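Peer 1: Below are the chains, spelled out letter by letter.
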Amino acid sequence: MLALLVAQNIAFYIIAALMVVGALRVVTCKNLMHAALWLVLVLAGAAAQYILLASEFVAITQVLVYLGAIIVLFLFGVMLTRAKTGTDEDLDNKNSAKFIGGGVAVLLLGLMGYSLIDGFKDTEFGNLMVQRTSEVSDSIFSTYLIPFEVLSVLLLAALIGAIVIARRD
Amino acid sequence: MYLNQFLLLAAILFCIGVYGVLARKNGVLVLMSIELILNAVNINLVAFGAYWNANDNTNVSGQVFALFVIAVAAAEVGVGLALVLLIYRNRQSIDIDDVDMLKG
Amino acid sequence: MFNMIDKVWIIPALMASSFLVILFFGKRWGTRATAGIGIAAVSICLMLSVIVAGNWISRVNHPPAGAALAAEVLQANGLTPQTGENIAGEVNAETHDSGETVAAGSHSSTSEATTEASASEHGGEHESVPPVVRTVTWFQIGGMEFEMGTLVDGLAAMMLITVCIISLLVHIYSTEYLHGDVRFTHYYAFLSLFTASMLFYVLSSNTLQMLVGWELVGVCSFGLIGHWWEEKKNTDAALKAFLTNRVGDIGLILGVIITFFAAGGTSFNVLHINEYALSQGANTTLLLVGALCLFGGVTSKSGQFPLHTWLPDAMAGPTPVSALIHAATMVVAGVYLIARLYAVFFSGLAIGSSTFHYVAFIGGFTTIIGGLLAFVQTDLKKVLAYSTISQLGYMVMALGVGAWTAGVFHLFTHAFFKACLFLGAGSVSHACHHTFDMREMGGLRKKMPATHATFLIATLALAGIFPLAGFWSKDEILAGSASGQDNAYTIMLIFGLITAFLTAAYMGRAYWMTFWGDYRGHAKPHESPKVITVPLMILAGCAVVLGFTNFPKSFFGFKLPGSFTTRFEHFVEPTFAFPPIQHAAFTPWLAIASTILAAGGLFVAYQYYEKNRGPHGLTSRNKVAMAGYTFLENKYYLDELYTGVIAGSTKGPLARAANWFNQNILDGIINGIGLGARKIAAVVYVVADQLIIDGAVNGSGQGSEGAGQLLRKIQTGKVQQYASILFAGAVVLAGVLVFVV
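Chains as they are written, first to last, in the working numbering: chain R, 2 to 170; chain Y, -1 to 102; chain H, -2 to 738.
The shape of chain R in the complex, shown without the other chains:
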């Protein structure tokens, strides 16, 4: 049991480190394609974290939807807007905007970190059990049925909206 916990912790920190590095590269690197690929790393890391949290269904959905669909969408976006291949020095705002953004982000992180550490100091997970997919489906189709239906309408609206916005007329 202890060994499992240690292994879980080690896995968490390795994946977390990769995710943070990936995320930093997404927002700093000078190549649009590379940024998209770094994003793949972050999203895959998130999926792995979900596995660690014993939430397999979300993990699989993360892989299917994010890695499978959304990244492809991004690549389409990159291609359709004829972005430069290779390094592009003109991806960022001026330095002043970067400083403001950095300042806001650091302040936000400080604030959130303080309140998280303050609020959940030693809260540990109990005995993590696998959350079965059948439970998830039961929950979606009973308790959360109406939000689910509303969501399908939202997707339809987004579909129509995207077509209307992007088509040539």
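No lab work stands behind these hints, which were simulated from the structure alone. Careful, some of the hints might be misleading.
Unchecked claim - The calculated lysine-lysine pairs, modelled on DSSO-like cross-linking and capped at a C-alpha distance of 27 Å, are:
| hint | chain 1 | residue 1 | chain 2 | residue 2 |
| --- | --- | --- | --- | --- |
| 1 | R | 85 | R | 99 |
| 2 | H | 715 | R | 85 |
| 3 | R | 99 | H | 715 |
| 4 | Y | 23 | H | 710 |
Remember, it's a predicted structure, so these values are computed and weren't measured experimentally.
Fit chains Y and H to the known structure of chain R by using the hints.
Peer 2: Using the frame of chain R, we list chains Y and H on its own:
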């Protein structure tokens, strides 16, 4: 494992995302940064969901919420990229600081 | 006859579905089908309304008694009829007229004899007949249950029929009038929606629901005034109507809230509120505030001074709409509100014991200013619009002096002859190249005989000439003001008599300018087709006969059997949760005086505008007269005042002080009356308006412009800068929450 591990990771990703949204000029990159923010939220949701699930095995609300967020994020990216395409078609550029017609 | 009274919700629902069908399929199915759907829906509604009215009449004739009555009473108050024990006590408490009404259960027979015996002295002439209330739960908040439902009594049934008849005729008329219009479907969809909203409004069982209906009719009015939005002035008029009504709506919302809490904060039910207002321990101060707030809504919707300015501009819409909405039905929503919540107004304003109060005064004042303004209009529709304002003032005044039946009766008769006048004006304009300018008309009497005849009848009805509808209702109002409740409302009576003269004179002016003399325009006028003239004839017929529905008990000593007199009062006036009011008897000298005044008005107009006698060109020779004319032509400068105040409101106190100054001065002048006073007004205008208001407006303009110049630097248009500010603000807020709170 501590709950805080995940929450702090999410906080870091969130702030990186915020930085990206504020500092990047390219529309597609801004959208990617928004994805980072959404993922940070998802990690939070799943972490809390797992925390509560340890007490009550039938409670999977965290996962359900995360699934909803994923679906909304997909819709958001779809519409967002459509907007970026439209901007590109009209101005031959996707630098969002060019789009300042609302200037006072 | 089957019992429709339980299922009246079908009527508005039918119109609403007609709206949806026209909205979704109208374009595809073509104009004929569109009009057909609308007309069919209104016709069915009219039939159902007639059945409802029939149900109500039989209910009044055979009122529920005993346990059935008790159950009804409980249901009317929004309670479930189950508490059997204290029913008798409840009912005793409900029935207000101690002398005439007997405790529940003991009077089962209704008889004309009882009615007649008590008729002359007492308010509650027949037994208490509770309205039919049917409710369902609307929503629940914080353990409180809000209901929605229908309330049918004589007043609601009368409104149902009025709205349906006029709406039906307007639907038919519009097929020709708007023939070939670009937005024909849009127009019919809005007509249906409007009818549905109005029916919903009059059937509302609680004030919250009334608020919804009230806003819905406002939206329809907005949409239809701006029907031809390609022209800037039409959209401006629509906006003006909407915004002016918003001002009053604030009052209405406050009034609804105040009455809700005044009546214990448990129910919005109209009857519940009315009963509270009549109960012994009612807080009259709260009721006064509530009534005045509600009257704010009435002021805007029913075009009372000083918020009447939107109504003439609303004539920018198509003429049938003006007839339906801005003359006959929607604008009386405010009057209906007073009639419906009468107990609140009665107790709050102490109508029974005073001789002067705000509502009656504003009503009387509005009749005069509306009537005066109608003289300087050259646009036929605007004359009618100001006449509407004036007549609405009449109704409000009648309700204000306690003559409930007279006010509602005038609402009823006025709807028909004013709709007839408007549709007649539309017919004239249809013939004359779509102009409403009376200077380009004249001599149409021979060319359009049917239109002329109906217009003449409606004009005489409006002027109050015996024996047309307007005579009876106006006379009742005057008699009501003359006798009042405890004391006579003398000032209101004088207002009313002056207006009787003014009404006849300006209508005579419009009539002679339009139909007599030589034709002055350039078109080739011709009689309108039957689709237009038949509705006119029906309305003119109504204008002739409807006055007899409330034939007085004794008319110059002539007495009809009791079952033929004051039928309107008998069936329409509520007997449940209604203040004990006294009815004025027919007053011969007033009837003669008002008829003489009206005839005099017509005669003066005839002499002046047809025979060209009298002091013509006075306005160009005499400075005083000139000043008066300009003052009227500028509509008392109210529009300028509002623009000034709205623009100056950023400046706050100074502009408000100036506004106060201006309004008080204005009020003072108009009270003073007379041309001499008007000359002073012109001087005051120069001082108050030019110096003070303009100064305030300019100053505030410069102030806000300076601030704007500073602030616009932040508005760079760059999304990410906004996002930075947003996130930074979020950080600060969160920091405050984490570290301080």
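Peer 1: Hey, residue 85(R) versus residue 99(R), does the alpha-carbon distance stay inside 27 Å?
Peer 2: holds (22 Å)
Peer 1: Does residue 715(H) sit within 27 Å of residue 99(R), going by the straight-line distance between their CA atoms?
Peer 2: Holds. Residue 99(R) to residue 715(H) sits at ~14 Å (cutoff 27 Å).
Peer 1: Check the hint pairing residue 715(H) with residue 85(R) against an upper bound of 27 Å on the C-alpha distance.
Peer 2: OK: residue 715(H) and residue 85(R) at ~24 Å, within 27 Å.
Peer 1: Given the hinted pair residue 23(Y) and residue 710(H), is their Cα-Cα distance within 27 Å?
Peer 2: holds (21 Å)
The earlier numbered hints are all upheld by this structure, with none contradicted.
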